[in-house]
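Novice: Residue numbers (this note's numbering), protein chains in the order written: chain A, 1 to 218; chain B, 1 to 250.
One should not assume that every hint holds.
[Claimed, not checked] No farther apart than 27 Å at their CA atoms in a straight line, the calculated lysine-lysine pairs in the DSS-like style are these:
#: 1; chain 1: B; residue 1: Lys185; chain 2: A; residue 2: Lys125
#: 2; chain 1: A; residue 1: Lys45; chain 2: A; residue 2: Lys125
#: 3; chain 1: B; residue 1: Lys185; chain 2: B; residue 2: Lys118
#: 4; chain 1: A; residue 1: Lys125; chain 2: B; residue 2: Lys113
#: 5; chain 1: B; residue 1: Lys107; chain 2: A; residue 2: Lys125
#: 6; chain 1: A; residue 1: Lys45; chain 2: B; residue 2: Lys55
#: 7; chain 1: A; residue 1: Lys125; chain 2: B; residue 2: Lys109
#: 8; chain 1: A; residue 1: Lys125; chain 2: B; residue 2: Lys81
Simulated from the structure, these hints should not be mistaken for laboratory data.
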Amino acid sequence: MNGFLTYVPIILMGVWNTLILSTAGFLLATLLGLLMAFTEVFSPKPISIVTDWVARVLRGIPLLLALLLVFYGLPRLGIALPNIASAIIGITIVDSGYQAQLFRGAIEGVGGRQLEAAYSIGLSKWGAFRHVIAPQAFRAALPGWLNEFTIVLKDSSIAYAIGVTELFTQAVHVAQVVLDYLQPLILVSIVYFSICYPLSIISERARRRLLAMGVAAV
Amino acid sequence: MGAVLEVSNLWKFFGKSPVLRGVSFSVGEGEAKVILGPSGAGKSTLLRCINLLIKPDRGSIILDGEEVTAPGVNAARVRSKIGFVFQHFNLFNHLTALENVMLGLIKVKGMNKDDAFKVARESLLSVGISEDLWNKYPAQLSGGQQQRVAIARAIAMSPRLVLFDEPTSALDPELIWEVLGVMEKLSREGMTMIVVTHELGFAMKVADEVVFMDSGAVVERGSPEEVILRPRNERVRRFMERMQYVYSLK
Numbered sequence: 001m002n003g004f005l006t007y008v009p010i011i012l013m014g015v016w017n018t019l020i021l022s023t024a025g026f027l028l029a030t031l032l033g034l035l036m037a038f039t040e041v042f043s044p045k046p047i048s049i050v051t052d053w054v055a056r057v058l059r060g061i062p063l064l065l066a067l068l069l070v071f072y073g074l075p076r077l078g079i080a081l082p083n084i085a086s087a088i089i090g091i092t093i094v095d096s097g098y099q100a101q102l103f104r105g106a107i108e109g110v111g112g113r114q115l116e117a118a119y120s121i122g123l124s125k126w127g128a129f130r131h132v133i134a135p136q137a138f139r140a141a142l143p144g145w146l147n148e149f150t151i152v153l154k155d156s157s158i159a160y161a162i163g164v165t166e167l168f169t170q171a172v173h174v175a176q177v178v179l180d181y182l183q184p185l186i187l188v189s190i191v192y193f194s195i196c197y198p199l200s201i202i203s204e205r206a207r208r209r210l211l212a213m214g215v216a217a218v
Numbered sequence: 001m002g003a004v005l006e007v008s009n010l011w012k013f014f015g016k017s018p019v020l021r022g023v024s025f026s027v028g029e030g031e032a033k034v035i036l037g038p039s040g041a042g043k044s045t046l047l048r049c050i051n052l053l054i055k056p057d058r059g060s061i062i063l064d065g066e067e068v069t070a071p072g073v074n075a076a077r078v079r080s081k082i083g084f085v086f087q088h089f090n091l092f093n094h095l096t097a098l099e100n101v102m103l104g105l106i107k108v109k110g111m112n113k114d115d116a117f118k119v120a121r122e123s124l125l126s127v128g129i130s131e132d133l134w135n136k137y138p139a140q141l142s143g144g145q146q147q148r149v150a151i152a153r154a155i156a157m158s159p160r161l162v163l164f165d166e167p168t169s170a171l172d173p174e175l176i177w178e179v180l181g182v183m184e185k186l187s188r189e190g191m192t193m194i195v196v197t198h199e200l201g202f203a204m205k206v207a208d209e210v211v212f213m214d215s216g217a218v219v220e221r222g223s224p225e226e227v228i229l230r231p232r233n234e235r236v237r238r239f240m241e242r243m244q245y246v247y248s249l250k
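Take the sequences, apply the hints, and build the full model.
Specialist: Have a look at this one:
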């Protein structure tokens with residue numbers, strides 16, 4: 001052992017930044033994604049079309065590009081942000097486009113029949129949304145939403161490019177010191193896996209439970 | 001005796017083509033009206049106009065003396081007085097049978113949970129849904145059970161009338177009778193109803209008046225015996241001959 005074990009705690013310290021980065025970026029993207037999905041489904045056509053188009057553009061931006069744009073590009077406009085904040089914003093921007101699509105699919109998937117039934121017992125538009133559409137849409141979106149988080153968690157390693165000291169960055173730095181990439185990278189693989197795997201199990205269980213309830217997950 | 005529902009000269013266009021062409025009829029207290037006719041005759045559209053899921057283009061609908069087609073009428077309030085039973089049941093997937101019936105009582109009628117439960121229990125029992133099924137989700141029920149829960153959901157709101165849109169068309173043949181049985185019982189207990197269906201046996205037994213629609217217009221109306229067994233209109237006669245072939249065992 002080339003002294004790798006002494007560096008293990010240093011690598012694991014990166015877990016905190018990875019979690020902060022991915023959780024903050026992901027939850028902000030959820031807020032933005034919900035906002036865009038509601039706008040797409042419930043506003044007049046022109047606004048809905050523009051929002052759909054915006055979400056499409058956001059989905060088209062590579063995360064690496066978004067990070068570099070925010071961290072190195074924005075200072076030219078007088079907005080200089082610390083690298084971790086830049087990474088969170090970059091993740092939020094790109095992932096909100098994906099989550100908008102996820103939530104929109106979930107809302108539309110509930111379907112006209114459920115809406116008609118909600119109206120038929122005398123619920124108002126808001127009541128139908130609140131008591132019939134939203135509860136079903138959120139259930140349907142849950143498995144895909146959890147999966148989305150595992151994707152964001154792994155993609156947050158791209159923050160390496162702007163020097164955020166998260167899990168992957170720490171591993172690379174240690175690798176350069178101990179002159180061995182294999183052990184540090186296997187260690188971070190195990191960390192990513194042990195966070196993502198339980199989440200994907202939960203997601204799969206939710207999907208199956210929903211199917212038994214007759215709700216098709218997105 | 002005033003009519004519960006009066007439909008006069010109702011027109012509806014989808015694009016340029018008329019789906020309803022001047023339909024008029026009235027439904028009296030406790031009456032069971034059965035609407036027959038081929039697919040695309042406008043029967044479903046008519047029912048959807050009555051509970052304001054579709055806005056008619058011309059004509060008027062008067063429910064209990066109130067013109068509900070007038071501008072500014074609160075559609076949700078009108079719908080809470082009209083029950084609707086759908087071809088595909090349309091139970092709320094995320095709620096149990098019991099919760100399906102209670103939702104409108106709590107959120108629309110503003111009842112507390114205990115009162116809503118009592119009303120829901122009565123409704124479910126009256127359509128033959130026993131207690132062991134109350135906590136099941138729609139996907140865990142048979143089609144016939146789902147449709148009876150849907151009827152319970154409609155009648156729990158104590159509506160002025162109930163609209164049935166081909167309530168047995170999506171059911172296995174063996175389950176049809178249990179739904180028709182509930183509907184017959186409901187009618188005998190005095191519920192006012194309009195039923196769009198192809199079940200001629202039900203129409204013969206239960207209908208006070210049968211209305212035959214074709215291409216968006218009423219082409220014949222009368223007692224079930226007249227319209228089903230001795231139709232005067234050529235189109236109706238052809239329809240009934242075909243139905244006889246499908247349903248008669250002779």
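Novice: Hint by hint, say whether it matches the structure.
Specialist: Against the structure, the hints:
1. B/Lys185 x A/Lys125: With Cα atoms ~33 Å apart, B/Lys185 and A/Lys125 exceed 27 Å; violated.
2. A/Lys45 x A/Lys125: Within the cut-off at roughly 18 Å; holds.
3. B/Lys185 x B/Lys118: The hint holds at about 21 Å.
4. A/Lys125 x B/Lys113: Satisfied, since the Cα-Cα distance of roughly 23 Å is no more than 27 Å.
5. B/Lys107 x A/Lys125: 13 Å, holds
6. A/Lys45 x B/Lys55: Within the cut-off at roughly 20 Å; holds.
7. A/Lys125 x B/Lys109: 16 Å, holds
8. A/Lys125 x B/Lys81: With Cα atoms ~17 Å apart, A/Lys125 and B/Lys81 stay inside 27 Å; holds.
Of the numbered hints stated above, the single one contradicted by the structure is hint 1.
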